Amino acid sequence: MSEAGTDPPLARPYDQDDRAALPADPPPQPSGDRTPPPVSAPAASGTGTWGTWSWGAATSISGTGPVGTRRPEGDPGVTASAAGVDPEWAPAPATPSEASDADRPDASAEEPVVPAAPAGEVGDGVVDPAETTPDDGADGEAGGAGAEPAAPPAAGSVPVSGTQHRGAFERYVVGDPGRAAFGVVTLPDAEFPTHHDVIVDGAEFGALEVRAASVRGLSHRYYGKVRQDDYGLRSSPSGDWLVVAVADGVSAGRLSHLAARVVAEHGCALLATDVDGDPPVVDWAGLLTRLSDLIVETGRDELARRADDDVTSLSTRAMADHLAATALFALVRTAPDERGGVAARVLGFGDTSAWVLRGGTAWEPLQAIKGAGEDLASSATPALPLLPPSPGAPADVTVAAGDALFLMTDGVGDPLGDGRGEVGRFLADCWGGAPPPPLQFAAQVDFARKSYDDDRTVVGIWPPAPRV
Amino acid sequence: MPDAPTPDRAQLLPFYLVIDVSYSMVQDGKLDTANKIVPELTDALAKNPIISDKVRFGMVDFSDDARVLLPLCDLLEQDHLPGLSARGGTSYAAAFRALRTQIEDDVQQLKADGFRVHRPAVFFLSDGEPTDPTHDWQQAFRELTEYDPGSGAGFRMYPNVIPFGVADANPKIMQSLIHPSTGTKAMKMYLMDEGFSPADAIRSMAEILISSVLQSGATMAQGGSGVRLPDDDDLPAGVKGFAADDEDFL
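For the protein sequence lines, the chains are A and B, in the order given.
Counting from 2, one number per residue, gives the positions in the first sequence under this note's numbering.
Counting from 5, one number per residue, gives the positions in the second sequence under this note's numbering.
Don't read these hints as lab results, they were simulated from the structure.
Take these hints with a grain of salt, some might be off.
Per the computed footprint, the stretches of chain B lying under chain A, defined by three or more beta-carbons under 8 Å from a beta-carbon of chain A, are [said to hold, decoys possible]:
| no. | stretch |
| --- | --- |
| 1 | 14-23 |
| 2 | 54-65 |
What follows is a set of in silico ranges between Cβ atoms, one per label pair, in the way DEER data are often shown [as the list claims (entries may be wrong)]:
| no. | chain 1 | residue 1 | chain 2 | residue 2 | range |
| --- | --- | --- | --- | --- | --- |
| 3 | A | PRO194 | B | SER180 | 45 to 55 Å |
| 4 | A | THR187 | B | PRO43 | 26 to 36 Å |
| 5 | B | GLN112 | A | GLY360 | 29 to 39 Å |
| 6 | B | PRO137 | A | ASP294 | 55 to 65 Å |
| 7 | A | VAL282 | B | GLN112 | 48 to 58 Å |
| 8 | A | ALA204 | B | PRO43 | 52 to 62 Å |
| 9 | B | GLY33 | A | ALA305 | 47 to 57 Å |
| 10 | B | PRO137 | A | GLU303 | 55 to 65 Å |
| 11 | B | LYS189 | A | VAL282 | 33 to 43 Å |
Fair warning: this is a prediction, and the values are worked out from it, not measured in the lab.
Even for Gly, the Cβ is constructed at its ideal location relative to N, Cα and C.
The following block holds chain A by itself, in its conformation from the complex (with noise of 0.2 Å):
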């Protein structure tokens, strides 16, 4: 622990003797290449409101910090020696290298006071255990936003808080929550156990940025089904183009999320390879047939496989009964025009939707708004394997420099409207600026609001930033 007289006081939440009833943590973890852990300070403006995050039982844990504490200020990173991290505290994420420390003054000015973490605890950051070099140490002015401790803390000490980091997740809440949002126990799938919950990328292609998150939603959680959302993302064999698919597969359906993958896999690898061309020829028909034969043959053999009733003689719309997944298709330039704009086409079936997002606020939906001007709302889609009887048209657009694209399935869809409301002004917070890091931006597609429980996924396509 500290050698006496070397510590500044540390904020315990609990008495030193409590720690024979802590759990066993895990081993420090080894330092390396780490990338610094996400600047994920809140919105710029701080709106939106923070919720707390509840892990099966449905009691809440008040958050202890701002998501995203790594470091109080001015914790100059000082290093422990190899004797270093006291084994019992949960070892930190690795210490921030140099660049992030330059990042940290910005990221620690936007977040949230937190009452929970008194002023006194300069030096009882986080620690990497195996940084040994003392240039780390001397990099105190890189600590930047805050004061330098009047003693830092000994080699061989580690003040770490060992509740500064517990519970301290805090869910994105777009308005009401409702008591589904902190009241779900999350039930896994037992038919289908390796189907992960949640999934995310995050990447560049050409000068584009890219964010994609599929999050399983309430209502499935609850119930114990698996996630039926998916997406893909593909270059084109050229580089010129990022392919991009998003699918919901139609929840009546118990095998739908294999439907969703058809769509999101071969979807894109089928796109991806016709699109190089200039211009590029798509055969939106003939793709969409694939995909219906696709989903029909994933179902019989997986009905095939489960020894169900005779499949063979299945109906594509019997078919369909077993999975479906609706369908949504973007191509988009990975390179920017003359005046920094980037090409997209964009063609669907199904109540997945497309938007750009302009000038980061104004929604701008690619389709009829579903439910626009109908008094009652409706849930019934055409999906995959069933085929409409003509693929409709791809809609061209250009995202400017400063806008950004977005393909999502109804289950955020839904919850967004017509982009003029909370929702629009929360996504349009979080998205409208640079894309953020792909864990945030996954936690921002899961937001809480009341009665909204479905899958939700969400691509994202950034074009390069405007210049200054």
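Take the given structure of chain A and dock chain B to it, following the hints.
Relative to the frame of chain A, chain B by itself:
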């Protein structure tokens, strides 16, 4: 039409219980049992946060006239649930007219508040024949349920109607109240088995109502009318389900 508010608040499933409180309901414990429906539904909702976030419930009773005991509301927010008491004859027309007015008011209010409202479902419970003239209640029922999307004629917010008949309810009349009567979204009616205890039959119907409410919320995403009735094999004791074209009970 003026700029309607963005329908981005919660999406809601409205359910109504329309219940006969003619004097005959006092006999055989029917009214007492019926009085337990709403408290039990409330308990079921309290245990299921997924559904309770989406369900709104209203109650109308009818005898010679009809009264709205509960406008569409969140049952878990109610301090006081109304009790049923018997008072007179059996006017189906009064029930249907009150319901039509109430549905229109409730749905418009919710939409004005920015909610997305699915088509309402009505559970209609009666223990005897209507005492008003046939053409009267039939007319009132048409006004409640008929709608032509092409021309816009009729009642756009028409409900799905699920009749429950016990004791001396007329099976044919109850069958005529199933709405929609045909198609993929056809509803059903439930009749007490001959000789069964009416109070127990009402108990079973309460279970059907509650399970439908719970199931409907779960299947609200994608497809269907938003009302999920139990399979005929899964019914509690003493009741049977019938479609609009079933003849089995003759």
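Holds or violated: the 33 to 43 Å window for the beta-carbon distance between B:LYS189 and A:VAL282? Check passed, 42 Å falls within 33 to 43 Å.
Can the suggested window of 29 to 39 Å be confirmed for the beta-carbon pair B:GLN112 and A:GLY360? Since the Cβ atoms of B:GLN112 and A:GLY360 sit about 35 Å apart, the hinted range of 29 to 39 Å holds.
B:PRO43 and A:ALA204 - C-beta distance against the hinted 52 to 62 Å: Cβ of A:ALA204 to Cβ of B:PRO43: about 54 Å, so the range 52 to 62 Å holds.
Within 47 to 57 Å: is that where the Cβ-Cβ distance between B:GLY33 and A:ALA305 falls? About 53 Å separates the Cβ atoms of B:GLY33 and A:ALA305, which means 47 to 57 Å holds.
May I ask you to test the hint 55 to 65 Å on the CB atoms belonging to B:PRO137 and A:GLU303? 58 Å Cβ-Cβ, so the 55 to 65 Å window holds.
Hint says 26 to 36 Å; check whether the CB-CB distance for A:THR187 and B:PRO43 agrees. 30 Å Cβ-Cβ, so the 26 to 36 Å window holds.
Indicate whether the distance between the beta carbons of A:VAL282 and B:GLN112 respects the range 48 to 58 Å. Since A:VAL282 and B:GLN112 have Cβ atoms about 50 Å apart, the given range 48 to 58 Å holds.
45 to 55 Å was suggested as the range; check whether the CB atoms of A:PRO194 and B:SER180 agree with it. Given range 45 to 55 Å: holds, Cβ gap about 49 Å.
Whether chain A covers the stretch 54-65 of chain B (at least 3 residues having a Cβ closer than 8 Å to its Cβ atoms): Result for this restraint: holds, n = 4.
How does the stretch 14-23 of chain B fare against chain A when you require at least three residues with a CB closer than 8 Å, holds or violated? It holds: at least three residues are needed, and the stretch 14-23 of chain B offers 3 whose Cβ sits within less than 8 Å of chain A.
Could you say whether the range 55 to 65 Å given as a hint is met by the Cβ separation of B:PRO137 and A:ASP294? 59 Å, holds
Checked against the numbered hints given earlier, this structure breaks none of them.
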